[in-house]
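Visitor: What follows is the residue order along each chain.
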Amino acid sequence: DAEITQSPRHKITETGRQVTLACHQTWNHNNMFWYRQDLGHGLRLIHYSYGVQDTNKGEVSDGYSVSRSNTEDLPLTLESAASSQTSVYFCASSTSSYEQYFGPGTRLTVT
Amino acid sequence: DQQVKQNSPSLSVQEGRISILNCDYTNSMFDYFLWYKKYPAEGPTFLISISSIKDKNEDGRFTVFLNKSAKHLSLHIVPSQPGDSAVYFCAASAAQTSGSRLTFGEGTQLTVNP
Numbered sequence: 001d002a003e004i005t006q007s008p009r010h011k012i013t014e015t016g017r018q019v020t021l022a023c024h025q026t027w028n029h030n031n032m033f034w035y036r037q038d039l040g041h042g043l044r045l046i047h048y049s050y051g052v053q054d055t056n057k058g059e060v061s062d063g064y065s066v067s068r069s070n071t072e073d074l075p076l077t078l079e080s081a082a083s084s085q086t087s088v089y090f091c092a093s094s095t096s097s098y099e100q101y102f103g104p105g106t107r108l109t110v111t
Numbered sequence: 001d002q003q004v005k006q007n008s009p010s011l012s013v014q015e016g017r018i019s020i021l022n023c024d025y026t027n028s029m030f031d032y033f034l035w036y037k038k039y040p041a042e043g044p045t046f047l048i049s050i051s052s053i054k055d056k057n058e059d060g061r062f063t064v065f066l067n068k069s070a071k072h073l074s075l076h077i078v079p080s081q082p083g084d085s086a087v088y089f090c091a092a093s094a095a096q097t098s099g100s101r102l103t104f105g106e107g108t109q110l111t112v113n114p
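Going line by line, the protein sequences match chains A and B. Start counting the first sequence at 1; every next residue gets the next number (this note's numbering). Start counting the second sequence at 1; every next residue gets the next number (this note's numbering).
Simulated from the structure, these hints should not be mistaken for lab results. It is possible that part of the hints are untrue.
Using 20 Å as the maximum straight-line C-alpha spacing, the simulated EDC-like pairs for lysine to aspartate or glutamate come out as follows [claimed, not checked]:
#1 Lys37(B) - Asp38(A)
#2 Lys37(B) - Asp73(A)
#3 Lys57(A) - Asp38(A)
#4 Lys37(B) - Glu15(B)
Computed from a predicted model, the values in this text were never measured in an experiment.
Could you put the whole structure together from the sequences, leaning on the hints where they help?
Guide: Spelled out as structure tokens, the structure:
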């Protein structure tokens with residue numbers, strides 16, 4: 001069955017470290033998205049991609065970067081982790097329709 | 001600015017009764033709306049959607065109502081079941097300006113008591 005996976009599921013890192021969160025989907029979807037979920041803010045879009053070599057900034061992109069070298073993967077990199085980036089991160093994918101399929105999430109703690 | 005707002009952080013109902021979750025939006029370009037359900041330690045899952053050309057969409061126990069003039073939508077769950085206890089997110093999209101991107105509300109924690 002097609003699916004979308006995220007790794008690691010939990011991560012603890014120190015301030016200033018570079019961290020990469022993986023997202024892999026086997027739906028063969030062109031569109032991929034990264035969100036962060038914080039209490040009181042819901043899901044906020046960090047970066048998104050509509051295809052290979054395409055990346056775009058979302059509403060909370062500062063301090064994050066993504067790259068899209070193939071259809072299946074959209075890794076999210078925190079260049080220098082900050083305590084404000086402690087959050088739960090969700091990856092999602094979709095076709096040209098609006099319905100997005102979400103991964104199980106990665107809980108990141110920056111100490 | 002928050003373009004999609006869910007003003008009730010939490011809602012508690014009795015099993016068998018109706019649950020009504022509300023969502024307001026400010027962007028008049030939004031033309032498609034979705035509801036997602038999220039259990040703890042899982043990703044959100046799609047529940048039901050509605051296009052701006054409709055005012056109602058029904059799927060089993062779930063019905064979404066859209067009032068474009070008031071920029072308001074609601075999700076009705078009838079009858080509510082304990083398994084419906086989850087966080088519900090409202091989301092909206094504007095095809096002309098944002099493609100497939102979704103803007104989410106803050107979420108409402110629904111608790112259905114047996």
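Visitor: None of the hints should be skipped; say for each whether it holds.
Guide: How the hints compare with the structure:
{"no.": "1", "hint": "Lys37(B) - Asp38(A)", "verdict": "holds (16 Å)"}
{"no.": "2", "hint": "Lys37(B) - Asp73(A)", "verdict": "violated (25 Å)"}
{"no.": "3", "hint": "Lys57(A) - Asp38(A)", "verdict": "holds (19 Å)"}
{"no.": "4", "hint": "Lys37(B) - Glu15(B)", "verdict": "holds (18 Å)"}
Hint check: a violation occurs at hint 2 only; the rest are consistent with the structure.
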